[in-house]
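The whole structure should be built from the sequences, with the hints applied where relevant.
Protein chains in written order, with the working numbering: chain A, 1 to 378; chain B, 379 to 573; chain C, 574 to 648.
Source of the hints: derived by calculation from the structure; they are not laboratory data.
Every residue, glycine too, gets a C-beta built ideally from N, C-alpha and C.
Nothing false has been slipped in among the hints.
Derived CB-CB ranges, DEER-like: (1) B:H452 <-> C:P632: 43 to 53 Å; (2) A:A262 <-> B:W418: 53 to 63 Å; (3) A:A265 <-> B:T416: 50 to 60 Å; (4) B:S562 <-> C:P615: 33 to 43 Å; (5) A:G172 <-> B:G425: 32 to 42 Å; (6) A:R335 <-> C:P632: 22 to 32 Å; (7) A:G107 <-> B:L411: 35 to 45 Å; (8) B:G425 <-> C:E642: 26 to 36 Å.
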Amino acid sequence: MGAERLASHVGRLGPLPKGGHSLVELLVRTGLTGRGGAAFPVGLKWRAVAAASRASAVVIVNGAEGEPHSKKDRLLMSSRPHLILDGAFLGAAAVHAKEIVLYIGEGHHAAMRSMAEAVAERTAGERRLIRIVLAPARYVAGESSATVHLVDAGIATPTTTPPPSHQRGVAGAATLVQNVETLAHVALIARTGAATDTVLVTVAGAVRTPGVLEVDSGTPVGEAVRLAGGPSEPARALLLGGYFGRWVEAADAWSLPINPQALRAMGLSLGCGVLGVLPVSQCPVCEVAGIMRYLASESSAQCGPCFFGLRALADACTRIAERGTDAGDLQRLHRWSAEVQGRGACKHPDGAVMFLQSALKTFGGDFAHHPAHLRRSA
Amino acid sequence: MTDTLLWYTTRGAGAVSLVLLSAVVVLGILSVLRVQSTAWPRFLTAGLHRNLALMTLVFLALHIVTAVVDPFTHLGWLAAVVPFSSYYRTFWLGLGTIAFELLLAIVVTSLVRSVIGQVAWRLVHWLSYASWPVAVLHGFGTGTDAWSAWLFALQAVCIVAVLAAIGYRLMAGSRDPLAAARSSFQAGVDRREVK
Amino acid sequence: MSKRFELAVDRIKCDGRGLCAEILPEMIRLDSWGYPIIAPGPIPEHLMGLAQRAVEDCPVLAIALRRAEAQKQKA
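In C-alpha cells:
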C-alpha cells in the first residue's frame, strides 16, 4: 500500500480545516484520548499547552514507536502521512506553535520516506515549520519527556526537572507531544465535528496473519483476531496493550471491546494497541520472564530502583522459569514490586511492575508450580 | 615581647591551618568514596568535612591578621587580598594569598549551594585540588623555620595523607553503582552533532 | 493554619549516597539497593529540623522540601 498523495487526500476528505480554540473544545467534548499508550485526554492536553504557550510553542509528532510488536504508527506514516500532517498543523494552530518536529524511529525507513515526501507536497508556509528528527531505537525513546529531551538537547533519556515539558520543553517553549495516530484522529474530527469511530490495532503473536488492522470502535477483540487469520493454535491468553499492558485469559479476552473508554471503565487499557496472542503451547512463565528481561534492559539507568529493581525482578522470573518455582523467589517478586513501583523518574518501572502483577494474577498457578526446564527463546 | 608572640602565633596558626586543610581534603575524598562503617556513618564524614573547613578559615584568619599586624614583616592589608603585592617574600606570600582566596570561594559557595545550584558549586569545589598544594608550597617558601624538624615532619605527614587519599581515589573509580550503565545507555541515545 | 512540608526526591539526581536515611530514619529508609524510600505525607513539626538537615547534607542536592498540598494524592 503506497502513501496517499496530497491530491488524493484532499480529494477524499476536503481541505485542511481551520483549527484554533473551537477545535480544542471539540476535542474535549468528543473525549479523544491519546493513542501512544498513556491515553491522556487530548483536549485537556492541548488546553494546557495553549495556556503555557507564548506564541512560540513546539509540536512534536511522536512516531518513534519503540514498542517491539507495534506496527500501527509506522504503517499509518507510510500510508496516510497527510492525515498526520493535518493533525500536526491543527495542533500547531491550537497551541500557537512556530515549529513542528516529526520524531520518527530511526529504523522506520518507509515511514521516514513517506513523511518526507508528504512534507514536500505541502505549501511553502507549511514546509517552513517542519523538521524531521530521528528517534533512537530504544523503548524509552518514545516517552514524552525523553522525546522532548532528544529534540531539545540531543539525548533521548527521560527527565524530571520541573517545570513539565508542556510548559517549558524544547528551547524553553511550551511543547505538545502527540502520537501520530492521535493526530490522524484529530484531523478527522476537525472535518466531521464528531467523535472518531475507528481504532488502529496491531495483532501479534500466535495468529495466522499478524499485522495492523483498522477496526470500528467497540469491535470485540475476538473479531480482530479473526480478521488477523484467527489463532494459529489454541490460545491461552491475550496481552492487551503491549509490554505495559495487562494479561487476560483467552476466554475472557475475545469479548472485550476495542474502545479506549470502555476498556478504561473495566480497569483495562488499550495502551499502544498491541493485541498479543499467547498460545497454549507457550509457557507463560518463560514468556513473562523474557519480557521482563527486555524491559529491565531498556531502563535508561538513571534511577537506582528502576535499573536494579527491574533487573532483580527479571532475574527472579528467569530463575523460576529455568530452575522451577521457589517460594523465596515468589516472595521476592512481591516485595520488590512494591519497592520499585512509583520510584522512578518516569513510568517505565511502573509499567513493568504492573505488567508483572497482571501476569502473576492471570498465571498464578503457572508461577506457583513451575517445573525446571530449559528456557524457551523469548 | 608582642613581636615574638605575633610571630609565633602566625607560624602556629599557619601550621594548624595546614593540618586542618589536609584533613578537610582527605575527608572530602572519603566522602566521594562513600566510606562508612557501623560506627562511622556517612553524615559524620560530611559534617566533619564541613566543620573542619570552617575551623580552617578561623585559624587562617588568625594567621593572616597576626602576619599583617606584625611590624617585622611590613605587610599591609593589601597583601592579604592582592597576590604578589608584598615586598616581603613576594612570591611565596602571594601563593598564600591565592590559597586563602580559593578556600574562601570554596567555603562561600558551599554555604550558598542551594542558591547557586549543584553544577556551579561543583565547578568551584574542584579548586580545592589547587588550593591545597598552593598552601603547602606557601608554607615551605615563607616559613623561616620551614626546615625545622617538627614543622617539616608535620608537613610531611599532611602531604603523605593527602597524596595517599588522592591515590586511593584515582584507583577506586566511581562509587556510583549506576555510572557504567548510565553512560553506556546515554552513549547509545546521544544524537548531539558535536560531542 | 501552619504550613506543612513534605520531602521530595529527584530520582535522577539521587545516586544512593544514603545520608538522608542516616539523618532522618523516622521518615526515610533505604530499599534493597540503597536508594531512599520516603514515608508519604507531611513532615511532623518535631522532625522539621532533621528534615532540613537531610536536605542540606545531601551531597547531590537530590532531596528537597516541598509545600504539602491538602489532600494531595501520592504520586
